[in-house]
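*Asks:* Next come the chains, spelled out residue by residue.
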Amino acid sequence: MENEKFSLPNYNIPEDLETIVAITTLDRLYNWGRRSSVWPLMFGLACCAIEMIAAQASRYDMSRFGMEVMRPTPRQADMMLVSGTVTKKMLPAIIRLYNQMPEPKYVVAMGACASSGGPFKEGYNVVAGIDKFLPVDVYIPGCPPTPQALIAGLIKLQEKIDRQSIKKVRWYDRKKEDANYVPMPILGPDLIDVRRNAEIKQAAAAKESAS
Amino acid sequence: MTTPVLTPIADLTARFPGSVTKDERAGYSGFLVAKENLLEVAAAIRDEFGYDLLTAVTGVDYLAENKMEVVYHAYKTTGGPGLVFKVQVDRIDPVTVPSLVNIWPGVDFQEREAWDLLGIKFDGHPDLRRILMWEGYQGHPLRKDWKEPFFEEEVKPFKSRWPDGKHVFAEEKNPFRDNLNFPKNFDPDAYQPEAEKDLYSSLERFTLKSESGLKTDQIVVNMGPHHPSTHGVLRVAVTLEGETIMGLKPVMGYLHRNHDKIGERCTFLQILPYTDRLDYFNSMSNNFGYVITVEKLMKIPVAERAEYIRVIMAELSRIQNHLIFIGMLLNDLGTMYTPSLYAFEERELILDIFEAVSGARMMCNYFRFGGVVRDIPEDVMQKIKGLVQDRLPAKTDEMDRFLSENEVLVGRLKGVHVINAEDAAKFSVTGPVLRAAGVPYDLRRADPYGIYDRFDFDVAVRTHGDMMDNFLIRFDEIRQSLRILEQALKQIPQGPINSQKPQYQVRVPAGEAYGRIESPKGELAYYVVSNGKPNPYRYHVRPPSFVNLTAIEHICRGTKIQDFVALLAMLDIVMGELDR
Ligand code: SF4
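The listed protein sequences correspond, in order, to chains A and B. If you use my numbering, the first sequence corresponds to residues 1 to 211, in order. If you use my numbering, the second sequence corresponds to residues 1001 to 1580, in order.
Don't take each hint at face value.
Derived CB-CB ranges, DEER-like [claimed, not checked]:
1. B/1169 <-> A/26: 39 to 45 Å
2. A/207 <-> B/1129: 25 to 31 Å
3. B/1345 <-> A/30: 35 to 41 Å
4. B/1356 <-> A/14: 54 to 60 Å
5. B/1190 <-> A/173: 29 to 35 Å
6. A/184 <-> B/1422: 44 to 50 Å
7. A/164 <-> B/1338: 49 to 55 Å
8. B/1155 <-> A/36: 38 to 44 Å
Keep in mind that the hints were calculated from the coordinates and are not lab data. Ideal placement from N, C-alpha and C gives every residue a C-beta, glycine not left out.
My request is simple: use the sequences and hints to build the entire structure.
*Replies:* What follows is the structure, encoded as structure tokens:
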């Protein structure tokens, strides 16, 4: 337990016990565990995924920061790295993956496309940013972000985890029905976000032409 | 663009007087075929004139003339120039054209794409479903009168950005306040999504009775779009009998980013960075293909030094692509990570060079009409020389030595997923896969572009067409690329790097051009129609990954599902260009 952030300051632990005893809070213990083993979902969408692979490969070696254990199944993953353009056709699959992830779950939007639609925003099959559907923790700018930028973004995520409190995190909130669930969008004449059905219906009725 | 093998283009008009005419619009070439005679003419083009490789099929919507045109580009696997023929039909719904799928099976997916995006119905196509968008989507996006939800103006630069600069978010102008468009009075609560009945019925599910009287059933398995080894967001629906694949349909479009539509709104120069994002491993080759197409239209020369720089960049790009190919294939065979770490180490060195010349590791945006954007600095030149002369040959040999005779690897690759030369050409397969099947068809030789005719190199070719040959041919190609690079580095002259003045907007005369290059994955071609305006009227990409995938069902029927993942690696698909 050599993480200096782990033990609380101002507690004197006898020197011979320092390596085996730590005095800390539950939050710190949890956060320390979580930030040091972020397991990303092994999943790539577009060009940004290649930089994600490069960040894991020989030169940049992301595992130095404790987040290299890519899991192909969402059931074992903590973090979804949305690496690339989110298209309407792909969106239901992404939402399903997110819903299948157990908590804690974080979302990192890598690149311009995942953050806002990027160069392809005007495209008819492109979702202008994954944050329209999922709660994003960290945005990483770039097209594609360099591996250094990606690693910097993930370190930001770790800093964010450091400040969490299990009492307040979204996924342990009793009051909400199911804070981890995002309703599945439907592919109709266009992408139907079921949370916005009433609004869509109203706008469609108010449309001028029948096109 | 000189073509040394000057085989005369077949004169179709003499063979089919009346039904075939020369296309005499200014800037256009090829022949116009009457719709009624299309099948007959196409069969003659293949059998009598010997054009056995139909590389591209696409449509153009001539809204003002109230016509739809389907454009076919046919070539010979023995090399030489191609034959363009077109069918024009009235733009009344439904627009129908006979399907050529029985003559060149390789048109399968491309016809489906034309149906999906342009709404051209191909009569006689056995499985005409949407391919990039989903069933149930509204409209055919590439029609000129179809507007996307974030439509702002017909062409860029948009006035709101330049010169006025009063930009409003696209969301605020759309009635649905998002990138959405629904038909009038659409009720989302009552909507029943279309099940994918057509997809599954196209897989022909049937029951078998075995000898012992046991009733067995075939099952349908969906792989993807999220699957760790489908090389991106490809999905395949497979019918299995035990572990044997009986039928298979790829489902794509999960990364369809509307490249063509966005391209038609952009100016010629603005398209260039978008091409980087097609095959995102090889932005240099993508640039190359696009600029030579537009240069054909503009009829401008390329600066001598730039010609060499282009070749150097394209070949470096090929080397890193093939190294990654080898790493990924091994990954898919279960050698998790070690070979690909070796590959990535070399790739990083090549990316360093790209970054030094263009400023970006992956999305280089380095080529310009008439040349390239920046010169190669002297120290980078030395680095390239070091790589080409020492490091890369040694590392390639090392990889070869470590892998090629490994018994497990040979066992998994030899004799698996065979495609023979005839079938490969039939399915319009190009690139290393075609050459591994024994057809020495490499555009750098068969239809040279740039200055490839000045270099001494061999076209890598193997004969078995199985996975092993596909694996080995990548090593051959790396070695040939190194040969080309050595010559290019020796011969490269000093001088300007662009024959044109740097300009914001280029003038492109009206006409059509089809430019193609040998990208690391196969024939990458662009079809551009200009009407003299600053934006292309039609802009179409013919991606090798997409067309090569047409053969996939043919290759894997009867093989084991476990090997299928490796087949995707062998075809070397990349979703950015597959779905565009
Ligand atoms: S941000 Fe750029 S690099 Fe990343 S997916 Fe989008 S286009 Fe590709």
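*Asks:* Look at the Cβ atoms of residue 184 of chain A and residue 1422 of chain B and judge whether their distance stays inside 44 to 50 Å.
*Replies:* Check passed, 46 Å falls within 44 to 50 Å.
*Asks:* Can you tell me whether the CB distance of residue 1345 of chain B to residue 30 of chain A sits inside 35 to 41 Å?
*Replies:* Distance hint for residue 1345 of chain B, residue 30 of chain A holds at roughly 37 Å.
*Asks:* Holds or violated: the 29 to 35 Å window for the beta-carbon distance between residue 1190 of chain B and residue 173 of chain A?
*Replies:* The hint (29 to 35 Å, Cβ to Cβ) holds, given that residue 1190 of chain B and residue 173 of chain A are roughly 33 Å apart.
*Asks:* If I claimed the Cβ atoms of residue 207 of chain A and residue 1129 of chain B lie 25 to 31 Å apart, would that claim hold in this structure?
*Replies:* holds, 28 Å
*Asks:* Given the hint of 39 to 45 Å, check if residue 1169 of chain B and residue 26 of chain A actually sit that far apart at their C-beta atoms.
*Replies:* holds, 44 Å
*Asks:* Does 38 to 44 Å hold as the CB distance between residue 1155 of chain B and residue 36 of chain A, or does it fail?
*Replies:* violated, 52 Å
*Asks:* Evaluate the given range 54 to 60 Å for the C-beta pair formed by residue 1356 of chain B and residue 14 of chain A.
*Replies:* holds, 56 Å
*Asks:* Between the beta carbons of residue 164 of chain A and residue 1338 of chain B, is the distance compatible with 49 to 55 Å?
*Replies:* Given a distance of about 36 Å, which is not inside 49 to 55 Å, the answer is violated.
When held up to the earlier numbered hints, the structure conflicts with 7 and 8 and fits the remainder.
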